[in-house]
Amino acid sequence: MDPVAAGESAAEPEVLLDPRGLVELDGTVPKVSEIDGDSAVFDAHNLSTRKINGELRWLIYEQGVKNVVVKNPSARHSLGVGILARCRITFEGSLGYFACGLIDGAEVHITGRVGWSAAENMMSGVVVIDSNAGSLAGAALRGGDLVVKGQVGARTGIDQKGGTILVLGTAGSMTGFMMQRGHQIICGDVGPGLGDSMYDGTIYVGGKVRSLGIDCVPGEWTDADTEFVQRKFRIYGLGSPPDLQKFVCGKKLYNYDNLEPSERKLVL
Amino acid sequence: MCGIAGIIYRNGGGEQHVGRDMTLMLQAMKHRGPDSTGYALYRPAADSYVMHVKLAEANGRRDFDFDERLRRQRRDVEARVLELGARLHTIEPATEHAMTMTFDHDGDLKRLADYVEDLRGVEVLSLGRSLEIVKDLGDAKTVAADYKLDEFMGTHGIGHARMATESDVDIANAHPYWAYPFPDVAVVHNGQLTNYHLWRRRLERAGHRFQSECDSEIIAVYLAERMAQGDSLEDSMRRSLEELDGVFTYICVTEDALGMAKDELGAKPLVLYESDDIVALASEEIAIRKVVDREIETYDPYESEVMVWTR
Numbered sequence: 139m140d141p142v143a144a145g146e147s148a149a150e151p152e153v154l155l156d157p158r159g160l161v162e163l164d165g166t167v168p169k170v171s172e173i174d175g176d177s178a179v180f181d182a183h184n185l186s187t188r189k190i191n192g193e194l195r196w197l198i199y200e201q202g203v204k205n206v207v208v209k210n211p212s213a214r215h216s217l218g219v220g221i222l223a224r225c226r227i228t229f230e231g232s233l234g235y236f237a238c239g240l241i242d243g244a245e246v247h248i249t250g251r252v253g254w255s256a257a258e259n260m261m262s263g264v265v266v267i268d269s270n271a272g273s274l275a276g277a278a279l280r281g282g283d284l285v286v287k288g289q290v291g292a293r294t295g296i297d298q299k300g301g302t303i304l305v306l307g308t309a310g311s312m313t314g315f316m317m318q319r320g321h322q323i324i325c326g327d328v329g330p331g332l333g334d335s336m337y338d339g340t341i342y343v344g345g346k347v348r349s350l351g352i353d354c355v356p357g358e359w360t361d362a363d364t365e366f367v368q369r370k371f372r373i374y375g376l377g378s379p380p381d382l383q384k385f386v387c388g389k390k391l392y393n394y395d396n397l398e399p400s401e402r403k404l405v406l
Numbered sequence: 124m125c126g127i128a129g130i131i132y133r134n135g136g137g138e139q140h141v142g143r144d145m146t147l148m149l150q151a152m153k154h155r156g157p158d159s160t161g162y163a164l165y166r167p168a169a170d171s172y173v174m175h176v177k178l179a180e181a182n183g184r185r186d187f188d189f190d191e192r193l194r195r196q197r198r199d200v201e202a203r204v205l206e207l208g209a210r211l212h213t214i215e216p217a218t219e220h221a222m223t224m225t226f227d228h229d230g231d232l233k234r235l236a237d238y239v240e241d242l243r244g245v246e247v248l249s250l251g252r253s254l255e256i257v258k259d260l261g262d263a264k265t266v267a268a269d270y271k272l273d274e275f276m277g278t279h280g281i282g283h284a285r286m287a288t289e290s291d292v293d294i295a296n297a298h299p300y301w302a303y304p305f306p307d308v309a310v311v312h313n314g315q316l317t318n319y320h321l322w323r324r325r326l327e328r329a330g331h332r333f334q335s336e337c338d339s340e341i342i343a344v345y346l347a348e349r350m351a352q353g354d355s356l357e358d359s360m361r362r363s364l365e366e367l368d369g370v371f372t373y374i375c376v377t378e379d380a381l382g383m384a385k386d387e388l389g390a391k392p393l394v395l396y397e398s399d400d401i402v403a404l405a406s407e408e409i410a411i412r413k414v415v416d417r418e419i420e421t422y423d424p425y426e427s428e429v430m431v432w433t434r
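From first to last, the protein sequence lines are chains H and U. Quick note: the working numbering has the first sequence finishing at residue 406, numbered continuously throughout. Quick note: the working numbering has the second sequence finishing at residue 434, numbered continuously throughout.
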């Protein structure tokens, strides 16, 4: 394709912003969707971020729509954020940063890739990404499943407090950094510092581990692990899982119950 | 935060809208840094040198003899270039505080740049046969309009939308940085360098000059120093990962190559798109989509990665 021609066609609608240039002032809902029963579809190509999110909310909360298809999201940031209802959303294309953060109950399918911080703080629901994800995928995840069929960047599932992150490709450095609960299944290689400073939770790795982080140790494989991994692969139709290694917290950084040296002296 | 972008056309010919495309990319990342915008754009090597010179700061003090001082600066710069034996072709004002000169010169370019910069307040923004660096306050649209960058036809380029964190908002502290005295090397950077003062002292002792207080300038001067020692661009960049501390992703360009390097934490973003026609990289995919307006396959390079593409 000729990139020059593309440059000419990439005209943007002017968006009115507040004086800091951060907030879109116009919050009216465009109401451009084609609604058919409990399904709806709309083209996001000429809509700004706030309009797209407004349209989604209007469909799901006010029109009783359960199934939304968004065409041409064009890698915009912060789409599908804060959806707190059971519904299905399909983004036909790639999203930017903070895709589908803070959702509770939605099942989201993204046919392209996502930028940083996808599905951040998801409470429950499913986010399936057909291509790659940037860094911080599933940051502070509380519940639900995040499935990335491509590769992920660094610090995947940082501060994860529940739920499952399933990655078919490779992962970058500090995967599972400060993880507190939940599961990660990384089928490919992982970068340095896997599970650094994790408190709890389980990370399964199919490929090579460049290095383990502080207080991350190999764990003992049980039947429950086999059942869990097979169940997740079955749910998402991913075939049979590869051979995985299990990594858990060594709990050597757990010093909360121990007395400070000065206190110990007093006790003695 | 800062937004960085790079684009290199592989379909050759040298006649691509690199100025306009870079403006689209940087404007899409305006939210990453509204303070200043900078470009380093390349065209096929011309016969004569192009020099962009800053005569005064864009937001400097405007006293009553400001105009007179600018006139004097212009005259002095011209006189000094002629004095060193350069054959001047054109001299054009870009804005009131910057101008562009084209000339032929057989002598030492470093000497010429040093001599011009010896004038108080004057800075050589770029000097080369194919590189042109433009940087000024404001967003990409403003800067591109002032310097007529939409008309710039070339082969590759990099750009930077700056959110100032480590130093002042002015032209001297804006990116890209020219890897002085290498005529056609420039760098843009997103991040912070924590061993700035150590490297600045070392490089100053080695005879390099610094134009700003900005930590990013270290990268350009560091690479210039490494290449002066005979290292290739790629080797210099790999070595920089060992020797420079901090969080950074930077893009470096030369006359025929474009390279990216990411620190060992992978703390700063970069998205990459490669096709047969074009390589585009930017802090956010939304910028790449301004020049390739369709669904594309992109990925993020990992930590400690160095990649170089040639034209």
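Calculated directly from the structure, the hints in this document are not laboratory data. Honestly, I wouldn't trust all of these hints.
[Unchecked claim] Covered stretches of chain H, as calculated for chain U (at least 3 residues, CB under 8 Å):
1) 231-245
2) 250-261
3) 282-291
4) 294-306
5) 338-347
Think of the CB as a built atom: it goes at the ideal place given N, C-alpha and C, for glycine as much as any other residue.
Here's how the hints hold up against the structure:
With 4 residues carrying a beta carbon less than 8 Å from a beta carbon of chain U, the region 231-245 of chain H meets the three-residue requirement, and the given coverage holds. Counting residues of the region 250-261 of chain H whose C-beta lies closer than 8 Å to any C-beta of chain U gives 4; at least three are required, and the coverage claim holds. Counting residues of the region 282-291 of chain H whose CB falls under 8 Å from any CB of chain U gives 3; the rule of at least 3 is met. With 0 residues carrying a beta carbon less than 8 Å from a beta carbon of chain U, the region 294-306 of chain H misses the three-residue requirement, and the given coverage is violated.
Chain U is given as covering the region 338-347 of chain H, and this is violated because 0 residues of the stretch bring a CB closer than 8 Å to a CB of that chain, at least three being needed.
Hint violations for this structure: numbers 4 and 5, all remaining hints satisfied.
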